[in-house]
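A.B. asks: Kindly generate the complete structure, drawing on both the sequences and the hints.
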Amino acid sequence: MTLTELLQLTTGGVVLGAMYGLIAVGYTMVYGIVQLINFAHGEIFMLGAFGALFVYAWVPALHEISLWLALPIMLAAGTVISVVAAVAAERFAYRPLRGAPRLAPLITAIGLAIVLQQLIFLYAPLRELRDDRWETTVGAKQPQLFPQLPGEALQLGGVTVQWADVLTLGFAVVAMLGLAYFVRRTRTGRAMQAAAQDPDIARLMGIDVDKIIVIAFAIGGALAAAAGLAHGLRYGQITFDMGFIAGLKAFTAAVLGGIGNVYGAMLGGIVLGVVESLAAGGLSYVDAVQQFGGGAWKDVWAFVVLILVLLIRPRGLLGERTGDRA
Amino acid sequence: MSGAGARRAIVPAPAAGRGTVARALVTAGAAVSAGSTFLPWTWTASFPGDLTVAGYPGGNQVITLVVALVMLAYCGAAYGLPGLRALAPRGATPALRALALALAVSTGYVLAAIAITLGGLVNWVPGSWVAAVAVLLTLLAALALPDDRRDAPPPAPGPRWRETLVVFAVLLGGLVLADYGLATEHTEQFIGYVLALGFAVRGLGVSGLPAVISALIARNRVATSVAALCAGLAFAVIQTSGAYTSLAANVLIFGAVALGLNIVVGLSGLLDLGYVAFLGVGAYAGALVSGSTFSRFTGTPLPFWAAVLIGIAVAVLAGVVIGAPTLRVRGDYLAIVTLGFGEIFRIVVNNLDGVSGPQLTNGPNGIPNIPDLVIFGYDFGEEHTVLGVTFGRFTNYYLLLVLVIAVMVFVFARVGDSRIGRAWVAIREDEVAAQAMGVNTFRLKLLAFALGAAMAGLAGTVQAHVTTTVTPDQYQFLSTAPPNSAFLLAAVVLGGMGTITGPLLGGALLFVIPEKLEFFEDKQLLLFGLTLILMMRLRPEGIVPNRRRQLEFHEEEIAGREGRAVAGVGA
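Same order as they appear, the protein sequences are chains A and B. The first sequence begins at 116 in this note's numbering and counts up one residue at a time. The second sequence begins at -14 in this note's numbering and counts up one residue at a time.
These are computed hints drawn from the structure, not numbers from a lab. Here the structure is a predicted model, which means the values were calculated and not measured. A hint or two may mislead.
Claimed, not checked - Listed next, with one range per pair, are the computed distances between beta-carbon atoms:
| id | chain 1 | residue 1 | chain 2 | residue 2 | range |
| --- | --- | --- | --- | --- | --- |
| 1 | B | I498 | A | K326 | 37 to 47 Å |
| 2 | B | G104 | A | T252 | 32 to 42 Å |
| 3 | A | V199 | B | A154 | 53 to 63 Å |
| 4 | A | I427 | B | V222 | 50 to 60 Å |
| 5 | A | R428 | B | A298 | 25 to 35 Å |
| 6 | B | A309 | A | D323 | 40 to 50 Å |
| 7 | B | R524 | A | K326 | 26 to 36 Å |
| 8 | A | I427 | B | F282 | 27 to 37 Å |
| 9 | B | R187 | A | H178 | 37 to 47 Å |
| 10 | A | K326 | B | L214 | 38 to 48 Å |
| 11 | B | N350 | A | V199 | 55 to 65 Å |
| 12 | A | H178 | B | N350 | 36 to 46 Å |
| 13 | A | A203 | B | V118 | 45 to 55 Å |
Yeah, the Cβ is synthetic: ideal placement off N, Cα and C, and Gly gets one too.
C.D. replies: Encoded structure:
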């Protein structure tokens, strides 16, 4: 394996990891405050991608202009759908179960994930370009084509970088800078830290914890939507069930970085992405284990990483930041 | 009778002798409803079930007839007939009202279905009108009945032989009901059955009968176990259709796995979202040593007991490898690790095809041609006729599975009542407190996890022979075909966590309902997800609640009720 190939694999891993990180922030923020694994968060990511596709398919004006100019509108649409779904889930499914035994919200989350997936599968209003004519279909039963960014891929010293990769990294950087500012500098951000440390005391200090929880769900939803858009642009197609594996990876990233820690989520995502990419790509160069390289095994390696983290450093790379530790 | 009772009646009627009139009307209405089932309800045989025959009931009429007969028995109880009074220890009126509702809803549903599917009320014949008027009259009269609710003292234990007889009768009745539901031939009949059963069970619940029966069962546990086993075995004799015995065998596999999951989720409170992978591990282990020509180890058909031991051992090994790192840390992580494991199992099995990895499992094609079991020279693939009863292939497996479930129930009950079981419940309720009390939480959680895996592995080795083919896609987190992790979890949660009957009942419902209601089609999973959410909101303790769990889930309501009582005393 040459250095260029190694760099290429690493770059791919970093980009993939940035996407995992964007989703993982949603898991980690919610978990930090309410100690709930929001299984439906993967579907929020999926909804973000479909929201972007909806607006592209149904607004003909967007086909006339460059996709770069259409992107903000697609991102906005995806964000709206994701945030509305995340906040509605909190309000109508999770909040009534606060204080119920631990299994009840987890099972609700699974039910919710199934419902969101099936709603898109059965009823998503889609339009597709077939033989130069836009045809309407109901339900995303097939993988849906996603528009691609125009322009040649960048060549940086032999390493090929797609524009979608650049965009993904851009989303991640902007999101992390924004989050850092929000959490450290704004009143709401500090209130969120307080609520994560101890919701009851925070409530006594006059913090509206319910509002903080809604904000955490909303921020998570927005970042997941950005990840969804990035996913669509990178892979060129989206499916109704893409949230399942992505959500699983993102949660692994959150645990890897230290649950409750937003920077940890991004770091964990990137580490996971690089490990996955290097394991899948790198192992194929080693004769003895050549068969275990390649795309078919990459999910397995991500899972092995999760098990190893739990064995060696269950607090995660940067340490947990949650209130209650049982 | 006229004081407090009169105020509780729902339909107002002249006070004098109202009870007598209403009771007579209910009795007459139920009798006429029963009689109307011997008349034709429509003129054409194109309505499913052929309701055109005079002289004997058919199709949905049987349901109406049975409900009406049960109502007549309760009318007898309302009249205080000596033998029948025991049916309604806490008053016959609530039961009669609910049964009248069951009668009206299920009969009304069929009559409406006749009018709608055949196009208009002209398709009603005199028999339909008689039935419609009779059930309506029964319902109105039942609503006018005065309330006779009373607190019943727990009945004194009768002689041993009589209690045993009652237990057998109850379980055989349940068997006949379950068999009827399974064998319903068309959607209308199944819906009518579900409607009638749902309301009737509700009705019997308020009559205080279940409390008496559960006390009876608690007193006669051995007799109940034997009777349940007999009922399970008897099903194979009364049900001979291949399609339904195949369905029943699959329901039993599903129920067995759900029972195993119940140890993990219900007793110990560990959320396992990849449980079906342990079933898969067992099934693949069983398939590999089964002597299938497509197995890597072809030509070495191990005896069944050895295959079972290998299946269990491999599943337990997988369980410990997954559980040991995870169970040390926070409980929530287990959910996601098991979810990952379930997915990874499928991917690994897919990859071990000789191209993406070493050849072991044939990848996506799976291992087909798994030969039938032969135990003590009894070939499960052949038909056997014993004492004039023919046992087909699925019936053979059904019988084997009944024994497997019996073993599992035995293990579940014994472990659940032991020191270990109590420690599991303590961990479920409050892990920190359990640890403080000296419970070694990690080891006990690992034990629960491993025992659950062992049960799934055992079920898996049998499943491989029943389905004759194992493929990776049978073992997913979620799919439309029942044995998958989400459905298993739902069977436990909907049925009732921590109970024995709960997961078996939940499993049977989840398996049979989609099988019977084809019009769900692709909306099945959507409805499934909604059911999970609603169930957690409305009845989180499940259909068959564990007493302790029910208290836990309804802590606030109970506390509120007590609070009101205290406030009432204070005022």
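A.B. asks: Would you mind marking each hint as holding or not holding in the structure?
C.D. replies: Hint check:
1. Range check, B:I498 to A:K326: about 41 Å between beta-carbon atoms, so the 37 to 47 Å window is met.
2. Distance hint check: the CB atoms of B:G104 and A:T252 are about 34 Å apart, consistent with the given range 32 to 42 Å.
3. Between A:V199 and B:A154, the C-beta spacing of about 56 Å keeps the proposed range 53 to 63 Å intact.
4. Range check, A:I427 to B:V222: about 58 Å between beta-carbon atoms, so the 50 to 60 Å window is met.
5. The given range of 25 to 35 Å is respected by A:R428 and B:A298, whose C-beta atoms sit roughly 31 Å from each other.
6. The hinted range of 40 to 50 Å is satisfied by B:A309 and A:D323, whose Cβ atoms lie roughly 42 Å apart.
7. Evaluation of the 26 to 36 Å hint for B:R524 and A:K326 yields a pass: the beta carbon distance comes to about 30 Å.
8. Between A:I427 and B:F282 the beta carbons are some 36 Å apart, a value that agrees with the proposed interval 27 to 37 Å.
9. Separated by about 57 Å at the C-beta atoms, B:R187 and A:H178 break the suggested range of 37 to 47 Å.
10. About 57 Å separates the C-beta atoms of A:K326 and B:L214, a value inconsistent with the hinted range of 38 to 48 Å.
11. For the pair B:N350 and A:V199, the supplied restraint of 55 to 65 Å is violated, since their beta-carbon distance comes to about 44 Å.
12. Range check, A:H178 to B:N350: Cβ separation about 43 Å, and the 36 to 46 Å hint holds.
13. For A:A203 and B:V118, the Cβ-Cβ distance of about 48 Å falls inside the hinted range of 45 to 55 Å, so the restraint holds.
Of the hints listed earlier, those the structure fails to meet are numbers 9, 10, 11, in rising order.
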